[in-house]
Every structure is written in C-alpha cells, then in structure tokens.
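Enquirer: Each chain, written out:
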Amino acid sequence: MIKKKICMVGAFGAGKTSLVSRFVHSIFSDKYQTTVGVKIDKKVIQHPVGEITLILWDLAGEDVLTTVRPAHLKGAAGYILVMDGLRRNTLATAIDLHARVSEAVGNVPFVCVVNKTDLRESWEIQQADLDGLIARGWTVVETSAKTGAAVEGLFRTLTDAMMQELHVDDSTADAVAG
Amino acid sequence: MSTAPLRDLEQEGRRNAGASGGDYARLRELLVGPEQSRLEELQRRLDDRQLRTEDLSQIVAEAIALRARRDRSLQQALNPMIEEAVRISVTRDPSVLANTLFPVIGEAVRKSVAHALRGLVESINQTLERSLSLEALKWRIEALRTGRTFGEIVLTRSLRYRVEQVFLIHRETGLLLQHVARADQVIQDSDLVSGMLTAIQDFVRDSFAGTGGHEIETIELGEFNLWVQHGPKAILAAVVSGTPPPELRSLLQRALEQVEAECGLLLSPFKGDATAFAQARPLLESCLLGRQAQRSATHSRSFFVAFAAALLLAIGLLIFFSVRAHRRWDYLVERLRKEPGIVLTGAERSWGKYELVGLRDPLSTDPDRLIRASGIDPGKVRSRWEPYVSLDTKFTLSREFLAEKSALEQAVLRFPLNSAQLSAEQLAKLDDIEVHIFKLQNDGAAMGQKFAIELQGHTDPTGDEAKNDTLSQGRAEVVSRALVSRGVSPETLRVVAFGSRQPVRRASAYLTELNRRVTFRIITENEVAR
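Each protein sequence line maps, in turn, to chains S and Z.
Per numbering that gives the first Met the number 0, the first sequence runs over residues 0 to 177.
Per numbering that gives the first Met the number 0, the second sequence runs over residues 0 to 529.
Chain Z on its own, in the form it takes in the complex (with noise of 0.2 Å):
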C-alpha cells in the first residue's frame, strides 16, 4: 500500500473544486466518505512519529525473537552496536558497568586463579622430579638439538603414561560427536558411555558444586585417569593409563579448541547430524600419545628382579669362597704356629696369594703337608724356612737316637784270618757297643720308635763263596751270643751273612784284613715297611 496516489487523488480535487463546483466534492464525499476519512486517519499515524513509535513498540520484542529464532543475521547486525555501546558506557561511567560485573567476576578471577594454580603447583612437582632424573636431562637435549618444545619431547617419549581412548561430546545433549580408540581397548558403547558421563557430570554437580558452574576434570580409578577438557560446545574426555606429563592437559585443551572451531560448533546449532565431526577424527587420533607403560614397566621389573638375584647369588657366593678361604688360612697359620719345630715369623695374605716365612727344624713336619691337609692349594703358597735346632723335647731325643745310631753303625768288630773268634781287644769294643745299644733302647722308647739291630757278617776275598758265607754267619752270630750275653734282647737283633760281597771299599789287596768283620745297622720301623 502506498500513500503516493492517494495524495495524488486530494491535489486533483481541490484543483477541480473551484471549476466543477461543490458537486464534484459532494459526490465524491458521497461516494468514497467514509474511507477517505480512515485514509486520512491513516495518514496521520503514519506522520506521526510518537503514534509510529507506540506501534512499533508493541511488537519489536516478538519480531526481534522471530527472527533470532530463523538465523543469526540479528545477532552479526547487534555486535558491533553493542560492543560500540559498551565501549561508550566504560568511557563514560566505568562503575556502572564494574558494579554490574561484580558479582560474577569475583567467582571467575577466583575459578581461574585456583585453576592456574593447581596447575602450577603440578608442574612444580614434575620439574623437581624431572630435573633430577638422567631421562630428562637427555629430552632437554633433544628438545635443544630437534628445536621442539621440552613440553612435546615429553609428551612423546614418556613411557609412563598411554591416551586410551578420546571422547568429543556434545556439551549440552551429551551425544557422542566422535571417539578414537586404540586397537588393543575393549570399547563399550561409546555412545552410552558418553551420555553417562554427561549424566554422572551433571549428577555431580548438582550434588556438591551447586551452582557454582564447576566441572570435573579429573575421576581416577586405579590406574586409569579420565581427563575431561570442557570448550564452550563440547566436551574433550581422555581415558589415560599410567601416570600422564601435565603438559597432555594442554594438548588436549588445544585439540579441544582446534575442533570447535572447525567443525563449526561454535557457529550453528547442533542439531544430532555427528557426521560433520568426522573431519575431527585425525585431530583426536593425534591425542592417542604415548606408549604401553605397564607392560614395559613389568618387563624391566622381571628383568630387574633376575639381575638382582643373580648380582645377589654372585656376591653369597663370593662371601662364602672368602670367608672358607679366611678360615682354611686362618687353621693353617695357627696349625704351623703350633707345629713343634716350626716357628713362624710372617704370615701374609692377599689376593688369593699367601707368604710364610719362618725358621723350621728339619726334623719337624713338613710344612708342605700341612700346607695340604688345610685345603689350601700349595702353589698358591711362596714359603721360606730357615733351618734352626730345635730344643724341643721331642727333637732332642729324636737327635740323641741319630747320634747313637750313627755311632753304632760306625763301629767294627774284626776277626783273625779263617776264625769266627774275637780277641780280647776287641771283645773290648763291646762295652761301648754295648751302652749305645741301650742308650738307643730308651731313647727309642722315650719315642715310642721301635726299631732292630742287624749284626752283618763279613769275609775277606779269599776262599770259596760257600765257605765265606759260613764264616760271616758264624762271626756274626758270635757277636749275637756276646750281646745278649750282656743282656741285650734277643728279638731286638737279627743276624746277616753277607759272605765276601760287601768289601769295604778302601781295603786293598795289602788290607784285605779290613774286610774280616761284623758291622752294625739299626732298621727302624719306618724302615722295615719301607
């Protein structure tokens, strides 16, 4: 409708007015009367501005909602408007637009400092633990040598923790927009899984935040974490095994942001159509970081333990071989410093090598064999001993029997050519026989050595054998009788015939009277089973 032809229809009229007369007018009153006066009616609104204003105030509310309600052309017009109109409401008064905020912002600043402290405080921790580690050190160096953050080399080479599975979630519906998984998780529904999150959220939240528009961020069960990131739209939910780096919260918050904004959530209204969101999927696989941590944990563990046992069996046995070695060392030094004849003056030990040094009778015991008898290896063992006469009892003795049995040995009984009787010069020679005989006795029972004495008899070379032999056994049997005449035992002597075949060596053919003789020789016992 418009109000040109209208205007139009009134000029020509009053210009007809004066020529055709009143006629004209009052036809024309007659016919369209009452409508010109609803048009002039009309025509008033409309100039009026007040009256235009009051009408359109009755329905600009409703048209403002229709049309926010069919697309955001109202909202992109408004924005600068309202920015401009804040702008100016700052410029103006600030307190005006301070008191309004007040209440809000209190909360907000106090949200978001308790926020950016934890995790300052978690970041804290992981630095003191991390600088003092080896692993560390070597990331700060890649990170230095590859140019990536120290935050990303973490993030990569961290074996104690593994992203499980993403959930992207619908903020306000708690529908599933996507989810990845690794290929080794036992997935349950995803989409149940993710409206009960959503439902057990708002559950919490009801039940102990009030209305203080908290959110969870974290529920642990076991080793499993659930990290949740919370964007305008939706919702960014991690399963994570292990023990995460802080730094994935960041990540993920990152993620979180990249997809709202290019899935263009934060634009339209969602309304069920989840396909768009699978553009987000390499977006979210990208979170899957990190690697089997327990597995590679129990490995190492198992590897640990066996080393360890092995380390441990190691050293028991090294402790037992020194300690047996200690002990066996320890017997033979005070086995030697007990061992009459022997005196040790040194006893060294060290690696496996040993040293003694020391002054020994040679009548006492081998030190070799008792070197042996220990268990000791004898080629381990560098000795010196110095020969020295003990005054030992039991080597004096021992002596005394030597010297009386070399004396004895010494002695010579002659005889006449062809006879097997003494002179009385040499029946003389018997009583000193006779007196090393019985020293000899009770030194050798002092010693407990018993031993016998063999009486050989011997002939010149001349003559025939036969007759030779018959001699010698009649000399020294001769000597036999005289002895245990004087009271020498009987068993103690033995009697030998030797005939011409043991002629004394320094005897010539002018001494051959040399050779007409009975010697002495003591067997000991030693001796007799040799």
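The following block holds chain S by itself, in its conformation from the complex (with noise of 0.2 Å):
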C-alpha cells in the first residue's frame, strides 16, 4: 500500500483542475480552491510494485493575487507543472514556480504539461521554447483536457519517475548498510 502525494500547480486557468477532472475520484467541490486554496483528488495507479494511490493536491492558480502556499507543498513526492499552450506567460510561471517549489520540496520527479493541444494552431508557446525546456531535462507531455489525450500517461510518467526515486535511495540505503 504505496501512497504519494502530487502538487499540481501552474499559472491562473492554464487548466488544472479541468485536466484532471475526468480522471480522478473526487469528492469535493470546486469551490474549496478558491476558499482554502486546494482541493484534493485521488488517483489509484497499476505498478508492477503493486497498486499506487496517488493523493493530488490541486493548489489555486497562481497569479498576481494568489501565490502558492509553501505549506501546502510540504512533503510532495512529485509535482506536475501545467502550462497553457495558448498563454506564453503561463511557460514563464512555470519555470518560476519550478525554482520556487523545489525550493521547498527538494529536487522531487516532475512532470511539466502544456495543455490545450486541441488548439495547438493558436499556440503563443513554440516548439523551440518547449526544446529549451526539455534541454534543461525536463519532462514534458503535451495535452488536451479537452479530448483527454496523454492525461492518463501523464500519471503514469510521474508514477514511474517517483518509484525509480524509491528504488534508488533503497539501494542506496543497502549499499550503507552493507
């Protein structure tokens, strides 16, 4: 029984909640982002290791009025940074909130999701700075909250990253105890 818990963050309406909505198990509402500031979801995973439930912390957008609260960040095993393809300034709130949440949470698996591609013609984001990103070793998955396209791999990516995490400190750990 492996539980971890995810951050989601991202820039004001870059479509985080809408992304994930159709893929978890949730039971609450909306309304608690804008009260106390995060809602929570489940995602239960099939790992070789054994079934995997991810607790997702949904955190408000971020934007000139909101910024995300590091209590909130504690204990993360992983995080998705999302990103709206149709936004540039929203790639610029990513790579910010990248420093400032491994700043809290220490240098934890990631996945970086730029959403919208059903409307990928109107993208301000290009290719070059999704490039640029990737060369800094970023993952990332392009989606569409929309179809629902490459959400469910999105979890599965994360999943694996944050296992193979797992399973070297394990090693590690054995190396110095031998």
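Everything labelled a hint here was simulated from the structure, so no lab data went into it.
All clues given are correct.
Rough simulated footprint, nothing fancy, chain S against chain Z, three-plus residues with beta-carbon under 8 Å: (1) 171 to 177; (2) 184 to 191; (3) 196 to 206; (4) 270 to 284.
Ideal Cβ positions, reconstructed from N, Cα and C, are used throughout, including at glycine.
Each chain sits in its own coordinate frame; assemble them with the hints.
Expert: Okay, structure coming up:
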C-alpha cells in the first residue's frame, strides 16, 4: 500500500482542474480551491510493485493576487507543472514555480504539462521553447483536457519516475548498511 | 596511494649516492625529476597540518550533507558530542544558552501553560458536574473495587459520547497512514478526507495563527467533534459524537505516542509506504470508545415522556375524583343543614370515610335518601341521629294532624241490638267527632295533605251474615248522614260494611254488645296510592 502526495501547480486558468477532473476520484467541490486554496483528489495507478495511490493536491492557480502556499507543498513526492499553450506567460510562471517548488520540497520528480493540444495551431508557446525546457532535463508532456489525450500517460510517467527514485534511495540505503 | 615506498626510494638513493657518484643521481633526476618535485610537494602538504586543515575545511560541509542524506549514522555519532557540548556550554556560562533560547522559550511556556490551564478548566467543570451525580458515585465505587483508575471507568461507562472514526495521518504530507471506523459509519473516501483535513489545518494556521506554530485541536460541528492530537511525525484525528469526557484526549495522545514509537516513524523518513501501519490498527481500534449516545438518550426520553404523561393523567384523575367527592360532600352537608327536622352537629370526612352526627325529628326526611341523592355511597357514611322534636311549623301541624287522627280513630259510636238508630247519648258524641274532623280538615289543608274518612259499620256475631252486612251498612250510613247534616263534606266520607267479620278482640260472649258499632279510619293520599 504505497501512497504519494502529488502537487499540481500552474498559472491561473491553465486548466489544472479540468485536466484531471475526468481521471481522478473526487468528493470535494471546486469551490474548495477558491476558499481553502486547495482541492484534493485521488488517483490509483497499477504498477509492477503494486497499487499506488496518488493523493493529488490541486493548488489554486498562481496569479498576481494568489501565490502557492509553501505549507501545501510540504512532503510532496512529485509535482505537475501545468502551462497553457495559448498563453506564453504561463511558461514563465511555470519556470518560476519550478524554482520555488524545488526550493520547498527538494529535487523530486516532476512532469511539465502543456495543455490545450486541441488548439495547437493557435499556441503562443513554440516548439523551440519546449526544446529549451527539455534541454534543462524537464519531462514535457502535451495534453488536452478537452480530449483527454495523454492524461493517463502523464500520471504513469510521474509515478514511474517517483518509484525509480524510491528504488534508488533503497539501494543506496542498502549499500550503506552493507 | 601510500607514501612508504617513496620514502624507501629516497633513502636508497641517498645510500647509493656515495657509491656510484653523481651519475645515478643525475639519471634519476632526468628520469623522474618533475614527478619527484610533485611528490615532494604532496609530501609537504600531507605533513603540514595547517594546509591539510585548509583543504578539509573546503569540503567538510558538503561531505556532512552528503552523508546525512544517505543515513543517520552521522547524527547518531554527533549526538553525544552535541549533548556534551551543550553541557559544557551551560557549565561554563548558562547565560549564553539562555539568551539563545530566550525568544523561543517564552512562546513554548505560554503555549504549554495555556494548554494545561484549558485542560484544568475542562476537568474542573467535569469534576463539579460529576461529583454531584449518582452515576459518578457508582463509577468511583467500581474504580475502588476493580483497582482501575476513575478515568478508565469514565471512558468505558460514559454514555454521552462515541468515537466514530479515527484517522492516523502523516503530518508532513497529509497522507493517511491508517483509518478505523465503526461498522455503522458512512465513510467518505478516507484518503481524501485526511488530505483535506491537513490542507484545512494549513489554511487555518496560515490565515489566523500566523507563525505561532499553533495547531487545530478541536473542530465542532453540531453534535460531532473532531479531536486532533499532534505528534512530531503524525496526527491522530478522532471523530466523536456526543460530549466526550476530557480523559479521552489524554487517551488519544497516549495512543498517538505509542504508534509513533512502535511503527518507527521517528527513526526513518516516510516514503509513502503505509503497509507498516497495519500493526497500528488494534491500537487505533481500542480508541473507538463509548456507546451509541444519542439513540439511548432518545429511548429513555420517549420512555420518560410516556411515563410523565401517564403520571400526569393519574394525578389529573385523582384530583378530579377528589374534587368531585369534596363537592358532593359539601353539597350533602349543606343539604342536611337546610333540611327541617335535622340538626347536624358534626360532619367529618377523612380518607374516603364519612361520619355524620346530629339530631333528627322522626318526621323529617330520611337522611339516607339525601345521602343517596348526593351521589355518595351510603355504605361509606356512618351516621348517628338522636331523636328530637322539631318546632318547625311543618312538624307541629303534622303532629296535630296525627293527634286528631289518632283521637278520631279511637272514637266509637255504639248501637242497640238489631238497630241502626243512634241513641241520644251516642248522638252527643258526634259533637266531639265533628270537632276532630274539622281540625283534621284544617291541618290537612295547611299541610297540603289530602285524606278520606272511612266509616266502618260492624254488627255482633248473632244473626245471619247477609242480614248483618245490611245492618252494618245501615249503621255507617246513619253516621254519614248525621255528619253531612252537621256540615262535613260528603266527598271526604266513605262507607264500608264489615258485618260481623271484625269483632272487637276484647269482646267476650258477655260483652257482645261492644261489637255493635261504627268506627273511623283516616285514609291519607299516600295510603290510597299504596
């Protein structure tokens, strides 16, 4: 029974909530996000080591007025950075968020998501921008909340990365013990 | 890399220098000259403490950080040293450490004192409440008898609360480590509830408590309480219905401490594997204390309502009957007091028994009839009536009437043998008889008493019966005519012939003449009806 805390961050209106809404189990309404600042969903992933429960902290969108609360990031085993392909400024927000999140939770696995592939022709974010991110070592996934493309894969990629991390940790621990 | 072979090489070189001259040295200088100078430089650095320290100082921080990330052996190794260092520091100059701790210690003390005071107030309230109840007394006796603490008894016996669910939550991530609940509880996804609870705590802390390090300890929602206990690594949240006793909080705190110690939370970092916390389940289940408080309360309440209603009804009926009996009694007493010919001297009433004492004129209304008319059971009434003569007009008239009646009925008019003629002597008696009749008529009119006068004719036993009947009829008619001629109304007079069938008892064969007579009888209205 492995459980992981995942945070989902991104600019306001990047489509974080709608991106996952069809793929996760939720009992709370969207208004929690605007009041408490976070909404919690659950996603169960089948993995070779067993069932993995992802507890998804869907944090309120980042904008001029709202910033991500560091308390909400505490203890995250991984995170998802969401950008809106139609708005170039969400790229800068994502880069900024990446810096802040990694400062808060350390160097944990994350996946960068560019949303709204269904409107690809109108994107402001160019392929060159994405190549730049990949060059930094980021995992970039292009999705569409509307069609649901690649969303399942997104969770799987992140889970694999986190489990690898776990194994690395375990092996080093063993080595020290031996 | 070891320095020992280098040293050997040099010594050998020096020894050989004398024997083979400068050739060897020159050769060596040509072959390994640059390396040798580097080796010498390295040797110098290794021998020089100062330089070595400088080198080490450049990497020591990174090395410590690296090791600390791998395992905890460094912390364990450093632990006694740090303790010793702190001890030395305190021994040498306590003010240094005191000054350092000053900003935090005030806050810590304030928090701790506030916490303790709140607990104290709660327990004082409970103690006051309990010291006055019978239930608490029973619990104290049970505690003495079984040797358990009073707190334990309170937790198991108290009917006013029930722990419905217990969440064990990892403090940092908000991940659910373990969850237990009553079988009858509707359970939302506990993973999500656990996460949201943590998020809300963060929210409240960020919004209201600033950086004070305060935690939510209680959330109240209607009849539900959420009690949250905080440990260094985990949070124990209990959903409790009803009014839990304060002892529950310390029980939860102890359970949390035990879980943290037993499941190794304090030693190794949590990596998301909650399997290890299955062993905490029995401990958490032991926290599901209390009983279905509300339901039993409603039961006893409805029972109480029914009981109270029955009691009220019974009291109501009792009052009704008692008031009715009282009124009936008052009515009877009043009636008896007003009744002519009855003088009530005492009327006692106690526990459904009645007693009447007084004087009663024999002519007055029968008191038993009045008692029956009032609705009181005559069997419950004991009465003692002394006879007396009432001077009430009603009774004087009545008495006079009776006296005249008796006088008239004793009057006898005698006749000679075989004759219906009154002698002069007997005719004179008619004057008295006439007076009696007029008095009776007067009194009867005053009293409203109607009556008739029967004139009864008799003969002596001699002669045949038919002749005697005719003769007795003739004698009575003679008297009737005589009275009518004196003014007596003929309607009040009736003539009856008895022949010789009603002889005078006293009359013997020698006094057979006494039977030849006419007598009077007054027949009142009542008697006619009868």
